[in-house]
Amino acid sequence: MDIFFQLLTTSLLLGGIYALMSVGLTLIFGVMRVVNFAHGEFIMLGMYLAFWGFTLYHLDPYVILLFSIPLFLAIGFLLYGMVMRGIIAASHNVQIFTTVGLSIALQNLALVLWTGDFRFVRLDYSKTVFRFWRSYVNLPQLIAFAIAAVLMLTLFALLRWTHFGKVVRATAQDREAAILMGIDPDRIHRLTFAMGITCAGVAGVLVSPLYSVYPTAGLQFVLIAYVVVVLGGLGNMIGALLGSLIVAGVEVMGSFLLGTAWKEVLYFLVFLLVLIFRPAGLLGQRGAETLGA
Amino acid sequence: MKRRALRSIRFFSMPAILMVCVGILSLKPVAGQEFEGAYKIGILEPLTGPLAFEGKRHLEGFEIAREMINEQGGVMGKRLVFAVADAPDPTAAANEVNRLVTQEGVKIIVGTYSSTLCGAASSAAARHNIIYWETSCVDPRYAQRGLKNVYRTEIDANGFAWYMVEFTAKYLAPKLGKSPDELKVAFLSEDSSYGQGTTEAARKRAKEEFQMQEVSVDYYAALTTNDFTPILLKLKQAGPDILMAIGRGNDAILFWKQAKEKDLQVQALVSAGATGYGSPDFGKALGKDANGVFALLEPGPGFKIEALSPEGQQLERGFRERVEKQAGAVYGGHQLAGAGLWLLKIVLDKAQSDDPEKFRQAVLSLDLPVGSFLNGWGVKFQENGQNAGERVQHYMLQWQDGNLVTVWPEEFTTYRMKWMPFPPWDQRQ
Amino acid sequence: MQTKPPFRLRLLPYGPGLIYFGMIALTPWVIRDAYFLDTLILILLWGALAGAWNVAGGYAGQVSLGHAAFFGLGAYCAVLSTVFWDFSPWLGMLLGAVLSTLAGLVIGYLSNRLRGPYFALATIAFAQMLLIVFSRWRAVTMGSEGLPVPFRTGLINFGFTTKPPWLFLALGFALLVYAVSVFLERSRLGYQLAGVREDEDAAQALGIPTRRLKVIAVVLSAFLTSICGTFWAQYIGFVDPFYVFSVDLSVRFALMAIIGGVGTALGPFFGSLLITSLESYLRATLSGVQSGLTGIYLIIYGGLLIIVVRFLPQGLAVWLAQRLRKGGKRGVTADA
Numbered sequence: 001m002d003i004f005f006q007l008l009t010t011s012l013l014l015g016g017i018y019a020l021m022s023v024g025l026t027l028i029f030g031v032m033r034v035v036n037f038a039h040g041e042f043i044m045l046g047m048y049l050a051f052w053g054f055t056l057y058h059l060d061p062y063v064i065l066l067f068s069i070p071l072f073l074a075i076g077f078l079l080y081g082m083v084m085r086g087i088i089a090a091s092h093n094v095q096i097f098t099t100v101g102l103s104i105a106l107q108n109l110a111l112v113l114w115t116g117d118f119r120f121v122r123l124d125y126s127k128t129v130f131r132f133w134r135s136y137v138n139l140p141q142l143i144a145f146a147i148a149a150v151l152m153l154t155l156f157a158l159l160r161w162t163h164f165g166k167v168v169r170a171t172a173q174d175r176e177a178a179i180l181m182g183i184d185p186d187r188i189h190r191l192t193f194a195m196g197i198t199c200a201g202v203a204g205v206l207v208s209p210l211y212s213v214y215p216t217a218g219l220q221f222v223l224i225a226y227v228v229v230v231l232g233g234l235g236n237m238i239g240a241l242l243g244s245l246i247v248a249g250v251e252v253m254g255s256f257l258l259g260t261a262w263k264e265v266l267y268f269l270v271f272l273l274v275l276i277f278r279p280a281g282l283l284g285q286r287g288a289e290t291l292g293a
Numbered sequence: 001m002k003r004r005a006l007r008s009i010r011f012f013s014m015p016a017i018l019m020v021c022v023g024i025l026s027l028k029p030v031a032g033q034e035f036e037g038a039y040k041i042g043i044l045e046p047l048t049g050p051l052a053f054e055g056k057r058h059l060e061g062f063e064i065a066r067e068m069i070n071e072q073g074g075v076m077g078k079r080l081v082f083a084v085a086d087a088p089d090p091t092a093a094a095n096e097v098n099r100l101v102t103q104e105g106v107k108i109i110v111g112t113y114s115s116t117l118c119g120a121a122s123s124a125a126a127r128h129n130i131i132y133w134e135t136s137c138v139d140p141r142y143a144q145r146g147l148k149n150v151y152r153t154e155i156d157a158n159g160f161a162w163y164m165v166e167f168t169a170k171y172l173a174p175k176l177g178k179s180p181d182e183l184k185v186a187f188l189s190e191d192s193s194y195g196q197g198t199t200e201a202a203r204k205r206a207k208e209e210f211q212m213q214e215v216s217v218d219y220y221a222a223l224t225t226n227d228f229t230p231i232l233l234k235l236k237q238a239g240p241d242i243l244m245a246i247g248r249g250n251d252a253i254l255f256w257k258q259a260k261e262k263d264l265q266v267q268a269l270v271s272a273g274a275t276g277y278g279s280p281d282f283g284k285a286l287g288k289d290a291n292g293v294f295a296l297l298e299p300g301p302g303f304k305i306e307a308l309s310p311e312g313q314q315l316e317r318g319f320r321e322r323v324e325k326q327a328g329a330v331y332g333g334h335q336l337a338g339a340g341l342w343l344l345k346i347v348l349d350k351a352q353s354d355d356p357e358k359f360r361q362a363v364l365s366l367d368l369p370v371g372s373f374l375n376g377w378g379v380k381f382q383e384n385g386q387n388a389g390e391r392v393q394h395y396m397l398q399w400q401d402g403n404l405v406t407v408w409p410e411e412f413t414t415y416r417m418k419w420m421p422f423p424p425w426d427q428r429q
Numbered sequence: 001m002q003t004k005p006p007f008r009l010r011l012l013p014y015g016p017g018l019i020y021f022g023m024i025a026l027t028p029w030v031i032r033d034a035y036f037l038d039t040l041i042l043i044l045l046w047g048a049l050a051g052a053w054n055v056a057g058g059y060a061g062q063v064s065l066g067h068a069a070f071f072g073l074g075a076y077c078a079v080l081s082t083v084f085w086d087f088s089p090w091l092g093m094l095l096g097a098v099l100s101t102l103a104g105l106v107i108g109y110l111s112n113r114l115r116g117p118y119f120a121l122a123t124i125a126f127a128q129m130l131l132i133v134f135s136r137w138r139a140v141t142m143g144s145e146g147l148p149v150p151f152r153t154g155l156i157n158f159g160f161t162t163k164p165p166w167l168f169l170a171l172g173f174a175l176l177v178y179a180v181s182v183f184l185e186r187s188r189l190g191y192q193l194a195g196v197r198e199d200e201d202a203a204q205a206l207g208i209p210t211r212r213l214k215v216i217a218v219v220l221s222a223f224l225t226s227i228c229g230t231f232w233a234q235y236i237g238f239v240d241p242f243y244v245f246s247v248d249l250s251v252r253f254a255l256m257a258i259i260g261g262v263g264t265a266l267g268p269f270f271g272s273l274l275i276t277s278l279e280s281y282l283r284a285t286l287s288g289v290q291s292g293l294t295g296i297y298l299i300i301y302g303g304l305l306i307i308v309v310r311f312l313p314q315g316l317a318v319w320l321a322q323r324l325r326k327g328g329k330r331g332v333t334a335d336a
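Chains as they are written, first to last, in the numbering used here: chain A, 1 to 293; chain B, 1 to 429; chain C, 1 to 336.
Not one of these hints is a red herring.
As a list, the in silico EDC-like pairs of lysine to aspartate or glutamate whose alpha-carbon atoms are at most 20 Å apart: (1) B/Lys-236 with A/Asp-2; (2) B/Lys-284 with A/Asp-117; (3) B/Lys-170 with B/Glu-214; (4) B/Lys-260 with A/Asp-2; (5) A/Lys-166 with A/Asp-184; (6) B/Lys-304 with B/Glu-324; (7) B/Lys-204 with B/Asp-181; (8) B/Lys-284 with A/Asp-60; (9) B/Lys-78 with B/Asp-354; (10) B/Lys-236 with B/Asp-263; (11) B/Lys-204 with B/Glu-166.
Derived list of chain C stretches under chain B, where covered just means 3 residues or more per stretch with a C-beta under 8 Å from a C-beta of chain B: (12) 29-35; (13) 231-243.
Across the chosen pairs, the derived CB separations fall in these ranges: (14) B/Gln-144 with C/Ile-307: 47 to 53 Å; (15) A/Arg-187 with C/Gln-314: 29 to 35 Å; (16) B/Ala-238 with C/Thr-162: 53 to 59 Å; (17) A/Gly-81 with C/Leu-102: 44 to 50 Å; (18) B/Lys-204 with C/Arg-32: 46 to 52 Å; (19) C/Arg-188 with A/Gln-173: 39 to 45 Å; (20) C/Ile-307 with A/Ile-69: 29 to 35 Å; (21) C/Arg-32 with B/Gln-72: 36 to 42 Å; (22) B/Ala-388 with C/Thr-162: 30 to 36 Å; (23) C/Ile-307 with A/Leu-158: 30 to 36 Å.
Read the hints as simulated data drawn from the structure, not as lab findings.
In this text, all values refer to a predicted model and were calculated from it rather than measured experimentally.
Even for Gly, the Cβ is constructed at its ideal location relative to N, Cα and C.
Input sequences plus hints: build the corresponding full structure.
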């Protein structure tokens with residue numbers, strides 16, 4: 001029984017982290033209708049930010065978190081103007097390969113600047129473990145989960161109950177109608193994109209004490225994020241949350257029962273099954289995937 | 001008239017660009033053995049791409065060994081110089097081999113760290129009929145392809161596994177008061193060619209030769225595994241005495257950290273190789289918690305340099321000093337590269353020629369005992385170009401207070417192992 | 001009644017292509033340098049692969065980021081059939097092509113369920129799954145250790161010690177892909193595919209069997225990619241699952257096709273020429289420098305991809321041809 005609770009706790013903590021990584025992706029898609037293939041690179045950049053802040057200035061990642069938010073927002077605005085603005089109305093090809101090109105450029109920028117060495121953020125308290133009910137919980141993991149949860153709740157609240165949130169949701173639902181209502185979609189897109197990659201960057205900072213930092217680190221996370229958002233329904237935030245819990249659960253249970261060798265196959269299989277049978281995802285709008293929208 | 005002219009322009013635009021690109025490529029001067037009094041060999045390592053972190057270390061090791069070689073007169077009376085090439089993937093590796101041979105004019109290529117690269121590179125080199133000198137890849141099939149001028153100075157995955165199991169069966173088992181067939185062994189490995197090759201060979205030897213009881217086998221993707229909890233729970237249930245683990249990098253650190261958190265209790269952890277548990281990063285990251293873990297490596301502190309021949313001692317000391325100064329720590333990559341290159345020098349000194357036939361004769365004629373040069377290696381090549389396992393002495397090191405110290409074989413070292421079997425986590429010093 | 005223009009004029013659009021391949025065919029008599037010939041072979045090979053991708057991605061508009069799946073299947077089947085049954089690699093190539101065709105049918109089916117980015121994600125997942133399976137299936141593929149390709153000389157064994165035979169073989173593969181592309185451009189099938197690409201719903205409304213056509217395009221693309229994968233395996237000599245099924249490789253095929261000219265027959269070859277030669281050159285020049293500078297060319301490619309796909313969507317090949325033709329004249333001309 002202990003094992004079950006341990007697995008459950010691990011799934012929960014892992015799910016929280018996956019959710020934070022995925023929520024940005026789904027937000028960007030929901031509003032801009034663009035799949036950001038470079039999403040993983042922003043997670044990677046967040047990890048490097050935490051690493052350098054920690055190594056050079058001995059700042060705790062959670063302190064770095066505070067100024068990573070404005071930093072990534074700024075990067076988001078910049079990149080939006082430079083790269084993303086022109087592709088909103090363009091064909092899928094353009095959208096896909098612009099973000100793929102961005103992904104390649106960012107990965108190799110990191111490689112050139114910081115080499116391919118594996119780095120890590122070693123905190124003094126990263127070995128602290130709590131005995132939580134009947135399972136063990138690792139402190140950085142717990143903090144990552146807690147902060148992720150807070151950030152996501154804030155995001156949800158923002159989208160649900162503020163005027164700004166309403167405006168964003170309106171743009172997501174129907175861009176033309178929003179324009180007619182006097183909303184400037186360009187501004188909303190810019191803000192959303194910046195928010196989306198900020199979520200990714202923050203997720204990167206949070207997980208830096210947990211995983212190695214290296215230029216292609218984004219790839220491992222973004223694949224999971226894809227599965228999560230497709231599972232939950234592209235554009236649906238609650239879906240992303242649900243999706244991440246499911247993916248984390250499948251991963252953890254699968255590794256335990258079948259051995260870790262096949263866990264990736266498991267969630268890719270889930271991914272492909274979802275794409276075949278219910279491509280809109282659990283909570284997505286049916287048919288969204290064939291509208292090309 | 002004009003239209004035809006314009007049309008011709010379009011016609012030739014494409015091939016014109018082709019010519020330009022062609023031109024760029026052939027502008028690279030055919031260097032050949034340019035300097036008088038210098039002998040050039042090709043160095044092929046992954047300097048970009050996912051394997052770059054190890055490739056860089058190998059290159060450093062080569063450079064330092066080269067300095068030392070040149071101080072001792074170089075090779076065949078000439079100063080040794082390098083033509084360095086980057087091989088991020090197998091296609092690039094083969095392409096660069098061609099470049100090194102035709103554009104740089106080298107007759108010997110040294111490389112390449114990774115199994116996929118050495119396979120492609122040695123194939124390409126064999127087609128040019130030049131000498132390929134591998135210092136590190138561990139693919140067991142490398143030497144089985146019947147290629148005459150392809151050699152390897154380091155043992156392969158089978159060799160690593162041989163030593164791991166040897167250590168466990170002949171040294172650890174008695175200390176635990178058990179015979180090898182009473183030992184319960186679990187295997188955990190990252191799933192690259194290195195991990196799979198070594199682990200499968202270890203499983204085979206453990207089962208066939210010593211009848212050890214295998215209680216669990218797990219492979220995981222080193223870079224995408226975020227959490228070892230499921231594996232740890234499985235291991236706790238299986239209850240092995242010995243855990244044979246191969247790691248790649250941070251996965252080793254992550255696993256051992258989580259093993260402490262989840263209170264996994266084994267008698268010993270035995271690993272092999274300079275990555276993962278055997279990397280200086282492991283000790284740096286875990287501090288005291290790394291204590292007690294074993295890793296099969298090139299020799300570290302405690303290594304009775306006095307057990308080497310006088311010449312070997314001098315080499316070993318000199319090499320270590322310089323590597324420490326340059327890289328801050330001596331990594332396995334440095335040691336493999338340095339010893340491999342030094343061995344090449346020995347062969348060239350004997351053969352006094354880079355003619356493949358004469359070279360091969362010299363290679364096969366070498367017979368130096370263990371302790372002769374860097375890393376305490378000896379040399380005796382087999383017919384297939386592989387340096388024999390018994391000469392390429394490998395050592396079991398153990399993490400003790402932030403350092404990997406040599407603990408086995410006992411005649412080579414002043415240190416002895418501690419904390420075997422592991423006491424409970426909170427009692428470990 | 002319309003008479004066909006004289007043969008000379010009809011050949012006109014293929015002028016550059018014929019000259020391009022013709023010049024390559026003549027090189028072994030002019031240049032003996034193995035490195036040069038090797039790079040040329042790679043240019044042809046990557047060009048063929050980009051062209052194969054282009055059949056699905058360019059002509060049919062089905063953007064796949066998982067073509068490495070077919071490449072890897074072609075590579076593995078060749079080496080496995082030689083290792084296990086002592087077959088000629090050509091038979092292995094056929095086997096690989098059959099398997100890839102089946103895989104192509106699956107992907108084609110998916111392309112009818114999903115559009116745009118969803119489809120791209122599905123192809124990524126598919127290739128990743130194959131990667132994981134082939135890197136764990138030790139019994140057959142020796143898992144992540146990969147497989148060395150047995151090298152035997154002779155045409156039947158798909159192995160040669162000198163470069164020129166490889167070059168001609170590569171030329172053959174490239175010409176095959178080129179011919180298929182040209183056929184698609186000129187035929188009714190291609191015409192209909194263009195309709196599917198531009199506006200699938202409209203095409204469907206016109207009675208074009210879009211679903212079937214998309215599957216055909218993907219299957220064709222898979223077949224061509226697979227046979228090139230076999231060539232690669234025989235040429236390079238080592239099959240590593242982490243490389244042959246990698247996302248990087250898939251992106252590479254697409255990248256070359258797009259930068260060169262998506263939807264044109266020669267575009268992918270041009271893209272390959274540009275990228276492969278630049279890559280080789282930079283790698284050779286910067287290798288000695290002990291820094292990560294060699295990674296710069298990939299940053300350039302990333303940037304180039306963004307620029308081309310945004311501002312020069314027809315690709316560099318066509319753009320250059322237009323620029324050179326107009327001789328610098330600006331303005332809208334009828335023959336854009």
